[in-house]
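Assemble the complex: chain A is given as a structure, and chain B must be docked to it using the hints.
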Amino acid sequence: MAQSATGEKPVRDVGALKRLMTRPELAAVAGSILVFAFFAVVAGDSGFLTTGGTASYLEVAAQLGIVAVPVALLMIAGEFDLSVGSMVGAAGMIIAITTTEYGFPLLVGVLLAFVVAAAVGFFNGYLVIKTGLPSFIVTLGMLFALRGLTIGFARLLTGRTQIGLSDAVSGNPLTSLFAGSIGDFSVTIVWWLLLAVLGTYVLQRTVFGNWIFGSGGDANAARNVGVPVSRVKITLFMCTALSAALLATIQVLDAGSADVLRGTLLELQAIAAAVIGGVLLTGGYGSVVGAVFGALIFGMVQQGIFFTGVSTDWFQVFVGVMLLIAVVFNNIIRKRAAEAR
Amino acid sequence: MANDAPLMEARGLSKYFGHVVALEDISMDVRAGQVTCLLGDNGAGKSTLIKIFSGVHQPTKGAMALDGEEVLFNSPRDAIDRGIATVFQDLAMIPLMGISRNFFIGREPTTGVGPFKRFDVKKADRITREELDKIGISLRDTAQPVSTLSGGERQSVAIARAVYFGANILILDEPTSALGVKQSAMVLRYINRTRQQGIGVVFITHNVHHAHLIGDRYTVLSHGHSLGSYGKGEVSMTELEKLMAGGKELEKLEDELQGSTAAGSEESANGRG
Chain A
0 MAQSATGEKP
10 VRDVGALKRL
20 MTRPELAAVA
30 GSILVFAFFA
40 VVAGDSGFLT
50 TGGTASYLEV
60 AAQLGIVAVP
70 VALLMIAGEF
80 DLSVGSMVGA
90 AGMIIAITTT
100 EYGFPLLVGV
110 LLAFVVAAAV
120 GFFNGYLVIK
130 TGLPSFIVTL
140 GMLFALRGLT
150 IGFARLLTGR
160 TQIGLSDAVS
170 GNPLTSLFAG
180 SIGDFSVTIV
190 WWLLLAVLGT
200 YVLQRTVFGN
210 WIFGSGGDAN
220 AARNVGVPVS
230 RVKITLFMCT
240 ALSAALLATI
250 QVLDAGSADV
260 LRGTLLELQA
270 IAAAVIGGVL
280 LTGGYGSVVG
290 AVFGALIFGM
300 VQQGIFFTGV
310 STDWFQVFVG
320 VMLLIAVVFN
330 NIIRKRAAEA
340 R
Chain B
0 MANDAPLMEA
10 RGLSKYFGHV
20 VALEDISMDV
30 RAGQVTCLLG
40 DNGAGKSTLI
50 KIFSGVHQPT
60 KGAMALDGEE
70 VLFNSPRDAI
80 DRGIATVFQD
90 LAMIPLMGIS
100 RNFFIGREPT
110 TGVGPFKRFD
120 VKKADRITRE
130 ELDKIGISLR
140 DTAQPVSTLS
150 GGERQSVAIA
160 RAVYFGANIL
170 ILDEPTSALG
180 VKQSAMVLRY
190 INRTRQQGIG
200 VVFITHNVHH
210 AHLIGDRYTV
220 LSHGHSLGSY
230 GKGEVSMTEL
240 EKLMAGGKEL
250 EKLEDELQGS
260 TAAGSEESAN
270 GRG
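Going down the list, the protein sequences come from chains A and B. Residue numbers are given in numbering that gives the first Met the number 0: position 304 of the first sequence equals residue 303, and the series is strictly consecutive. Residue numbers are given in numbering that gives the first Met the number 0: position 122 of the second sequence equals residue 121, and the series is strictly consecutive.
For the record, the hints were derived by calculation from the structure and aren't laboratory data. The structure presented is a predicted model; accordingly, all values stated were derived computationally and were not measured. Careful, some of the hints might be misleading.
Derived DSS-like pairs (lysine-lysine); straight-line CA-CA distance at most 30 Å [unchecked claim]: (1) K334/A x K231/B; (2) K17/A x K121/B; (3) K133/B x K17/A; (4) K334/A x K181/B.
So here's chain A without its partners, still in its complex pose (with noise of 0.2 Å):
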């Protein structure tokens, strides 16, 4: 909050107070604290608040976080990348058909993935920048193209959608790194604050942190000044793909199959995610941190619709009345800060 010495004024503590109160994550702490309470009350006797129902709505959260620090980072240098779903379900089939049924050893498919995943979010950022296309076209077409390729590819390799490696999976090391738990607790909590941090860290302290809120900013003000802009957004395709990546040798190694389907939608929870987190959807504002609170919010909503034992259909009615309350918030907090004194 206040790590930098405002000097020694004597408007020092409400400054900080006043900073904290346009922090773009604001309304995404508020809400995670509002949903938690509102969880706690109403589902607190049916198992949300247990160590296993906290690690099920984190476990939830992680996935989703995962994927959203990197979406929230790309967004904020000013793209979209609304193909991390359907690379989710490309990345995973990449695993199970190389293991299954080329036989290579399972760290050679999980490598293979990530090899594949930079390619797609190079090629994705390499397009956007060369074509000047709005990259919500442009990552929207490949969403469907990359789904395409992966059904199709699978029906032709292995005639299924759906494969199991359970054999390959079980035992292996790569799945106690990506898949294991730490006491009730699964490993991919770790994965995600680990991207968060990492995130926060990249964005808020580092060179390139500072090129991802001017590339998002004004990309032509940026660029007169000597920010390599195409580099960095080619980056952050790359990362976000990295990152889909990531999510589905998680998932692959848990469950011990993969399915052409997995990650369906997952681009748009991210983008949520990342407004609810204080993102600004045309770019040059918001935070990391907000986009992990914005997750937690997902985990929490999620399951705790499930506890409660309302009907979990109602989840997205939930999530959707949390998006557009986060967003209005979000204005206010982003106009107070703009104009702030």
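Leaving out everything else, chain B in the frame of chain A:
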């Protein structure tokens, strides 16, 4: 202060865009510690000229010289590397970004080595605070967005940034055109201070009053042609105004208003606007 040798010269610069003649045979020079005003109506070619100065465009004919030596800028980077800083109207500032982040974007100070090399936020904050203190803007928080600054302050910050990063020629593209009287005065005062540091300033404007207040030399452009360069005292404000507008428009207005104070009333109209 060696005011005799020009820091930068334009030697017969011409720029054609296809069949369109944007500039034809423009010569002018910029001297250390002087403000050279580049005057002209909209469409006179001022923007094209400064884009050549700043390396965005390359001249079709003619050349630029720095300290008497002919140079060719292939990119804005080349110009910046030779100490020519241009503050365009967009100011190259990102409104929602913090002031110190804006001040250093593209030239961030770093600390640490290898993978631990990071943006030295403390240093950036400290220098920004110092540099802004020098120009009379005291900040409570260097992380506050640039959008919280007034127009004049923003312009001044952009100039301070250019000066801080070692510009010896500073090109200002209409720095006062969007500002009110007080804000303009702030910027003009700051331009004066910049000049006193021995920096050669090119001040683009269509406001004759601002030019006359601060300028040491004037070059007037009209329809891509130079109408001549004048030293301070060689030309009056009214003459400059006539040159800029081709004379006719304002004479017509003067006739219409049947007064001899067209210039004065326009100033106050601008001022209140």
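Here is how each hint holds up against the structure:
no. : hint            : verdict
1   : K334/A x K231/B : violated, 46 Å
2   : K17/A x K121/B  : holds, 20 Å
3   : K133/B x K17/A  : holds, 26 Å
4   : K334/A x K181/B : holds, 26 Å
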